[in-house]
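Enquirer: Sequence:
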Amino acid sequence: MSRKNREWYQNSIMHVTSRGNRRNYIFTEDKDYRVYINLIKECIEYFEGEFEVLGYTLMTNHIHLHIQTKKIHIGFFMKRLNNAYAKYFNKKYNYVGHLFQERYWSQVISNDIQMLETSKYIHLNPVRANMVKKPEEYKWSSYCVYIGKKKEKIVNCDMVLSFFRTENCRELYKNYVEG
Numbered sequence: 001m002s003r004k005n006r007e008w009y010q011n012s013i014m015h016v017t018s019r020g021n022r023r024n025y026i027f028t029e030d031k032d033y034r035v036y037i038n039l040i041k042e043c044i045e046y047f048e049g050e051f052e053v054l055g056y057t058l059m060t061n062h063i064h065l066h067i068q069t070k071k072i073h074i075g076f077f078m079k080r081l082n083n084a085y086a087k088y089f090n091k092k093y094n095y096v097g098h099l100f101q102e103r104y105w106s107q108v109i110s111n112d113i114q115m116l117e118t119s120k121y122i123h124l125n126p127v128r129a130n131m132v133k134k135p136e137e138y139k140w141s142s143y144c145v146y147i148g149k150k151k152e153k154i155v156n157c158d159m160v161l162s163f164f165r166t167e168n169c170r171e172l173y174k175n176y177v178e179g
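The UniProt record's numbering puts the first residue of the sequence shown at 1, with every later residue one more than the last.
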């Protein structure tokens, strides 16, 4: 029996997650997180601007991406990204079998409120998991890019920050997320 096609439209904004098989860790040391972030960058370059990362959080056993697609289906991006990372991880840790549980989950963001709530949800994930007290304490997230404490080329936070329409949009975003 074939799988149901994923909901997707050109120029859609999506929330995407991938979880480790049996909820096992997919990141065990800092280098693993850096490799995944670098692979995101490589995928963006490979697809020549067809995808834009609006935000991310890499947890120990799963990832969250807030991503905008243009004309190419998100499945091509996720397949390339997760396959490349699985090859790296399996070789490094002598792991056999599937690294990721099933295929990725995705949801099309259909309105402005959902857009903001998705960004907030992704950035609060480490806080809700009791890994940190404040989202800016978690280094494997785009939150510090949003609040202006870090620069990262793979993240474009302009679309989300544009909802706050002032010069202090970063502070307003921080209040929105942490408030």
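Simulated from the structure, these hints should not be mistaken for lab results. Remember, predicted model here, so these are calculated numbers, not experimental data. Hints may be right or wrong, so weigh each one.
[Unchecked claim] Pairs of lysine to any residue, SDA-like flavour, derived with a Cα cap of 20 Å:
id, residue 1, residue 2
1, 31, 131
2, 134, 124
3, 79, 37
[Stated by the list, open to error] Pair by pair, the computed Cβ-Cβ distance ranges are:
id, residue 1, residue 2, range
4, 165, 98, 40 to 48 Å
5, 21, 128, 19 to 27 Å
6, 105, 131, 26 to 34 Å
7, 134, 61, 31 to 39 Å
Yeah, the Cβ is synthetic: ideal placement off N, Cα and C, and Gly gets one too.
Enquirer: Hint by hint, note whether the structure agrees.
Expert: So, going through the hints one by one against the coordinates:
no.	hint	result
1	31 / 131	holds (19 Å)
2	134 / 124	holds (8 Å)
3	79 / 37	holds (15 Å)
4	165 / 98: 40 to 48 Å	holds (44 Å)
5	21 / 128: 19 to 27 Å	holds (22 Å)
6	105 / 131: 26 to 34 Å	violated (21 Å)
7	134 / 61: 31 to 39 Å	violated (21 Å)
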